[in-house]
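Peer 1: Per our numbering, the sequence shown starts with residue 1, numbered consecutively.
Hint data in this document are derived by calculation from the structure and do not stem from the laboratory.
Quantities reported herein were computed from a predicted structural model and do not represent experimental measurements.
Wrong hints could be hidden among the right ones.
Here are the simulated EDC-like pairs of lysine to aspartate or glutamate, each with C-alpha atoms no more than 16 Å apart in a straight line [stated by the list, open to error]: (1) K195 / E142; (2) K65 / D47; (3) K27 / D47; (4) K65 / E38; (5) K195 / D184.
Ranges of calculated distance between the beta carbons of each label pair, as one might list FRET restraints [to be verified]: (6) P141 / D98: 22 to 30 Å; (7) D170 / P208: 14 to 22 Å; (8) E85 / L206: 32 to 40 Å; (9) G193 / T28: 33 to 41 Å; (10) W203 / S139: 23 to 31 Å; (11) T43 / V210: 25 to 33 Å.
Idealized CB from N, CA, C, for every residue including glycine.
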Amino acid sequence: MNARNANVNAERTDGTQNSTYRHALGKTAVVWEEMVLEYNTTTLRNDTIVMVWISSDDAAAVVQKGYRIVHAPSNYFYLDCGAGEWIGNDPTGNSWCDPFKTWQESYTFNPLANISSAQVSLVLGVSNSGEQLLWTEQSGPENLDSIVWPRAASSAEVFWTGDTLPDGFDRVGNISEALPRLHDVRYRMVQRGIKAIRLQPEWCALRPQVCDG
1 MNARNANVNA ERTDGTQNST YRHALGKTAV VWEEMVLEYN TTTLRNDTIV
51 MVWISSDDAA AVVQKGYRIV HAPSNYFYLD CGAGEWIGND PTGNSWCDPF
101 KTWQESYTFN PLANISSAQV SLVLGVSNSG EQLLWTEQSG PENLDSIVWP
151 RAASSAEVFW TGDTLPDGFD RVGNISEALP RLHDVRYRMV QRGIKAIRLQ
201 PEWCALRPQV CDG
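Produce the complete structure using the sequences and hints provided.
Peer 2: Here you go:
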């Protein structure tokens, strides 16, 4: 079974893709990027949606094959990265997707990087769609808020706006302009009982751009 893992995955996916019952219900299959880029899946339908998760660099290769994508790259958007290894007997272990993904790192993501104008329609969403993911080996109700917020708010702006802000200015890398907005969102969350972590010391938050370096 282990030796044939890729083949088993491919066979199962091919069977699911061609399910008469699924098509009768009007359902669309969603697969991880390996099904397109690694496994020998020859019968994926053209309407399949692909989750690009291993690396943001893989998005271009998937759309080149004509598939629609949802961005979810671990090198930008995995919230559990950087927390250390969860396997107990590994004192020097790191998480598989180190380092920690800061809100600044996520905010620099360009959902249209290496995507041609003819391929933009394959990036799902009103602007550009994506997901911020969290695998929960080391999280639960007691620390969920602090892991997710306000980092996920930063990523939401990325996917709502794409690569350009409503005023026409470049969003990618425009961190100094985004920070006051995130402070405001974070304060509103705290007022509503959400345990969102601080982005800066209070002194800096009240003095926009003074602590930007």
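Peer 1: Are K27 and D47 close enough, with their CA atoms no more than 16 Å apart?
Peer 2: Status holds; Cα separation ~10 Å.
Peer 1: Range hint 25 to 33 Å: satisfied by the CB atoms of T43 and V210?
Peer 2: violated (58 Å)
Peer 1: K195 and E142: Cα distance at most 16 Å?
Peer 2: Roughly 10 Å separates the two Cα atoms, so the pair holds.
Peer 1: A range of 23 to 31 Å was offered for this pair. Does it hold for the Cβ distance of W203 and S139?
Peer 2: holds (30 Å)
Peer 1: Okay, E85 versus L206 on CB: inside 32 to 40 Å?
Peer 2: Check passed, 38 Å falls within 32 to 40 Å.
Peer 1: Taking the CB of D170 and the CB of P208, does the distance hold inside 14 to 22 Å?
Peer 2: Holds - the Cβ-Cβ distance for D170 and P208, about 19 Å, lies within 14 to 22 Å.
Peer 1: Run the distance test for K65 versus D47: straight-line Cα separation, threshold 16 Å.
Peer 2: holds (12 Å)
Peer 1: G193 and T28, beta-carbon distance inside 33 to 41 Å?
Peer 2: holds (37 Å)
Peer 1: When you check the alpha-carbon spacing of K195 and D184, does it fall within 16 Å?
Peer 2: Holds, at roughly 14 Å.
Peer 1: Measuring from beta carbon to beta carbon, are P141 and D98 in 22 to 30 Å?
Peer 2: 25 Å Cβ-Cβ, so the 22 to 30 Å window holds.
Peer 1: Is the hinted pair K65 and E38 satisfied, with a Cα-Cα distance of at most 16 Å?
Peer 2: holds (13 Å)
The structure shown violates just one earlier hint, number 11.
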